[in-house]
Amino acid sequence: MALYYQVAVNIPVVQSTYTYKYDGELLIGDLVEVPLGKRKSHGVVLGVTPPEKNDELSGIEIKFITGKVENAFRLTKNELSLYSWMSRYYHYSLGKLVFDCLPKILKRPRKPDFLQGKGVALNFSLSGKQTEIFEKISKRNDGFGQHYIHGVTGSGKSVIYLELMKERIEKGQSVQFLLPEINLTPQFTDFFTEHLDCPVYTYHSGVTPSEKYNIWKALHEEEKPVLVMGVRSSIFLPIKNLGLIIVDEEHDQSFKQTDRCPYNGRDVAIKKAQLSNCQVVMGSATPAVENFKLFKENSQGRYYYPLQDRAAGGSLPELVLLDTKERFKENDPAWPFLDETLDLINQHVEQGEQVLVFINKLGFSQYIQCRACGHQFVNENCGCQNNLRYFKKKNLLSCAHCDFKMPLPKSCPECGNMTLMNKGFGTEKIQEVLKAVYPKMRIGRFDRDEIKTTKDLTEVLDNFHEHKLDILVGTQMLSKGHNFKRVNLVVVLGLDSMLNYADFRAQERTYQLLEQVAGRAGRYSEGAKVVVQTMNEHNTIFQTIKAHSFDGFFKEELILRELCHCPPYTKMAMMFFSSRFRERLVREISNVASSLQKTIDSHFPDIRLMGPAPLSIEKKANQFSWGIMLKSTEVAQLHKLLESFENGYKKAPNISYKIDVDPLQVL
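Its first residue numbered 6, the sequence shown is counted upward by one per residue in this note's numbering.
No lab work stands behind these hints: they were computed from the structure.
Check the hints yourself; a few may be wrong.
To be verified - List time: in silico EDC-like cross-link candidates among lysine to aspartate or glutamate, alpha-carbon distance up to 16 Å:
1. 636 to 667
2. 473 to 358
3. 261 to 272
4. 68 to 38
5. 428 to 337
6. 134 to 168
Turn these sequences into a full structure, and let the hints steer you where they fit.
Right, dumping it as structure tokens:
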């Protein structure tokens, strides 16, 4: 006799669970193939209908499950619980979420590659403060708990992580280590495999689809303790007997996914630890404001541990502000460097040290302009009308917001003049200027334009560590977690554009970035400097950075956040609507906003609605995008409003929408 099953189907609608029948037994978590209209789709079994309801269903035409997905693995109870929580919290289709996160299923799986740890003992001891933090976390290892190590850059958080890992692995438990960027993987891989005696699996965008599937399959079968380390997508890996999750650099925006389900890997890690009944440890020198407030209040099983001294005896660097107002012109061959900056670079390199130069912009110039008529090259291909960046080595103009590229013409398309000017600067320009000023110095570049593979990444980092490079120019990839022994000078360019960005998190992001970049200097010696060329030297953010006082910055930031009713004082959600047809889009989102406001007035007085309004880049990839912002001090009210909207909303043709809870992108 056929049984009836609830199946979450891989379709992009929130109500994605349907009833199917099957002549045979299926278990919760099985991946199956099901008919959906005139096509076939995949789904995951959520449960079986109780026998007493079979009579009710017998008179309804219900389709049969085609069969199990070949070579698939069954989802565990904890995995399904995690996906179900995410579906509810982020208001995203459960069926689609599961198959977004799972690797591509292979016909002929093979044994995955992993590194076997050597188990070499550390050749140094933990400091008194490091030992104290380790012991406090270790004592609270029964059940779920949250811990935060707030350590200045270079304070030795990774050594505490290692000791916590060793303790769990010796007890037969596995560990998951989450980091924000692939570029941090090599150094942590080397460190942990050297000192842990267990298999170490790495999981990131540089791992091929076949390798990802093989890792999933191996972890489903693995009984021995392992270390799994990777970027945000690795949080979904199935790990048996999980004893500890560590989230390094928890503040980093890379933990937030922007396409598909807009989840935050840090928050999913916390939920996974809760479901696994294990501890989660987070660490950063520059905590996210919302998270910092929670831990400082020490509420609901959260424990906070400050770590204020550098482990290797180095000192925190001195911040040097150089005012750039009316100091130079773009036709200066050394532009955008000031003479004082160049003198310091020369001085440090001559002393046998290395220098980092940070600029958070790719390319040679930010736009090209005709000297004769003023024409600027913009992206007319997708309608966004954004200036095209110029990449000199490739002779390409490229859009920063989509995949559009085109060769740079030899003359202006408007007037035919052949004098085209480079405006603004990026990493490629900075590298060229430095090579011209210091022809004998070895200068490398560290950005996504130069580094395409993990091999490229390892090669550049190895060259810098081995002192085959004197200066390394890079983007924010340089700011995250790297441990450079010879760096005593960091130069920061172009920071003003971040400070002036129209977003309530602009100050926080600038503080975090500058403090992290500064943290690469002076880890093993005294007298390090961070030089910032700026037109805003009186901005209060520089005073807190000079004092290396996150508490000072935090207090100032909280005052502003409370005044503008922003997180952590409210919960926020964005509703994004997109369409190729602007008039339809504006009409539809206006109707949605009006309907939501009526519901708010009647049932949810604590919620504030703002908008609708176009996004800062209204048109991209031939799609117009507008948004509605929702704020509330009552989280439950916000979710109820969103559920009410989804249950009653009839999707308009040619218009798509996405809900983003805890957004990093706002209007």
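Results of checking the hints against the structure:
Proximity of residue 636 to residue 667 is assessed by CA-CA distance (about 10 Å); at most 16 Å being required, the pair is judged to hold. Pair hint residue 473 plus residue 358 holds up; C-alpha atoms about 12 Å apart against a cutoff of 16 Å. Taking the CA atoms of residue 261 and residue 272, the gap is about 9 Å. The hint holds against a cut of 16 Å. Note on residue 68 and residue 38: the hinted pairing holds, with a Cα-Cα distance of about 12 Å set against a maximum of 16 Å.
Only pairs whose Cα atoms come within 16 Å are accepted, and residue 428 paired with residue 337 is accepted, the gap being roughly 13 Å. Proposed proximity of residue 134 and residue 168 is supported: the alpha carbons are some 14 Å apart, at most 16 Å.
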